[in-house]
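**Q** On the provided structure of chain A, position chain B as indicated by the hints.
One-letter residues, chain by chain:
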Amino acid sequence: NAGVTQTPKFQVLKTGQSMTLQCAQDMNHNSMYWYRQDPGMGLRLIYYSASEGTTDKGEVPNGYNVSRLNKREFSLRLESAAPSQTSVYFCASWGSQETQYFGPGTRLLVL
Amino acid sequence: AQSVTQPDIHITVSEGASLELRCNYSYGATPYLFWYVQSPGQGLQLLLKYFSGDTLVQGIKGFEAEFKRSQSSFNLRKPSVHWSDAAEYFCAVGVSGGYNKLIFGAGTRLAVHP
Numbered sequence: 004n005a006g007v008t009q010t011p012k013f014q015v016l017k018t019g020q021s022m023t024l025q026c027a028q029d030m031n032h033n034s035m036y037w038y039r040q041d042p043g044m045g046l047r048l049i050y051y052s053a054s055e056g057t058t059d060k061g062e063v064p065n066g067y068n069v070s071r072l073n074k075r076e077f078s079l080r081l082e083s084a085a086p087s088q089t090s091v092y093f094c095a096s097w098g099s100q101e102t103q104y105f106g107p108g109t110r111l112l113v114l
Numbered sequence: 041a042q043s044v045t046q047p048d049i050h051i052t053v054s055e056g057a058s059l060e061l062r063c064n065y066s067y068g069a070t071p072y073l074f075w076y077v078q079s080p081g082q083g084l085q086l087l088l089k090y091f092s093g094d095t096l097v098q099g100i101k102g103f104e105a106e107f108k109r110s111q112s113s114f115n116l117r118k119p120s121v122h123w124s125d126a127a128e129y130f131c132a133v134g135v136s137g138g139y140n141k142l143i144f145g146a147g148t149r150l151a152v153h154p
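Chains as they are written, first to last, in my numbering: chain A, 4 to 114; chain B, 41 to 154.
The set of hints was computed from the structure by calculation and includes no laboratory data.
Mixed in with the good hints, there may be bad ones.
Computed list of lysine-lysine pairs in DSSO-like fashion (alpha-carbon distance at most 30 Å, straight line) [what the hints assert, rightly or not]:
| id | chain 1 | residue 1 | chain 2 | residue 2 |
| --- | --- | --- | --- | --- |
| 1 | B | 101 | A | 12 |
| 2 | B | 89 | B | 101 |
| 3 | A | 12 | A | 60 |
| 4 | A | 74 | B | 89 |
| 5 | A | 60 | B | 89 |
Chain A on its own, in the form it takes in the complex (with noise of 0.2 Å):
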């Protein structure tokens, strides 16, 4: 059992390039989020998806999209990368345990 992971765990764009962010779980989980997380700002929810096939807006959804590929995976997409989205970027899905699960989060750095 793997949990949450996440690829890449770094990644460095230059201003206008595009990437995705991938997430999977093996936890057989309906909900995923992503989230970033920057200095003293906690962490803000960007999309998530309450289940296979839908997706909605978070706090801070501008400059992303997203697609719910299927039940274990969630990517997030940056299609013209901006300095402002460097940040650290946080996968998580929802348990019947009522808890998140969270990945180990991906870096992304943009020059």
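**A** Coordinates of chain B only, in the frame set by chain A:
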């Protein structure tokens, strides 16, 4: 709107001393409350959670938290801090509604002096 406030950005304690990290929330209904810990460069690990029942909740690593509805607080405590407790601690409130979003506080960074 729902919100979580952690008033202390940084706290420093001596090893063996007691610890209390403060958390205040704003939420209209009965909240789901959580404390997570994040070690440097790591993801978030759940310490404990409160949904209902006994207002004093025991968690992992010797932590406990007390839910006080009258004060809208969910403070985290530990009677004797170990050097390995140095980390960042996040309080969160769960917004129920079928999707269970979490709203996080800004975090409290704990330093432990030997």
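**Q** Are there hints from earlier that the structure breaks, and if so, what are their numbers?
**A** No numbers; nothing is violated.
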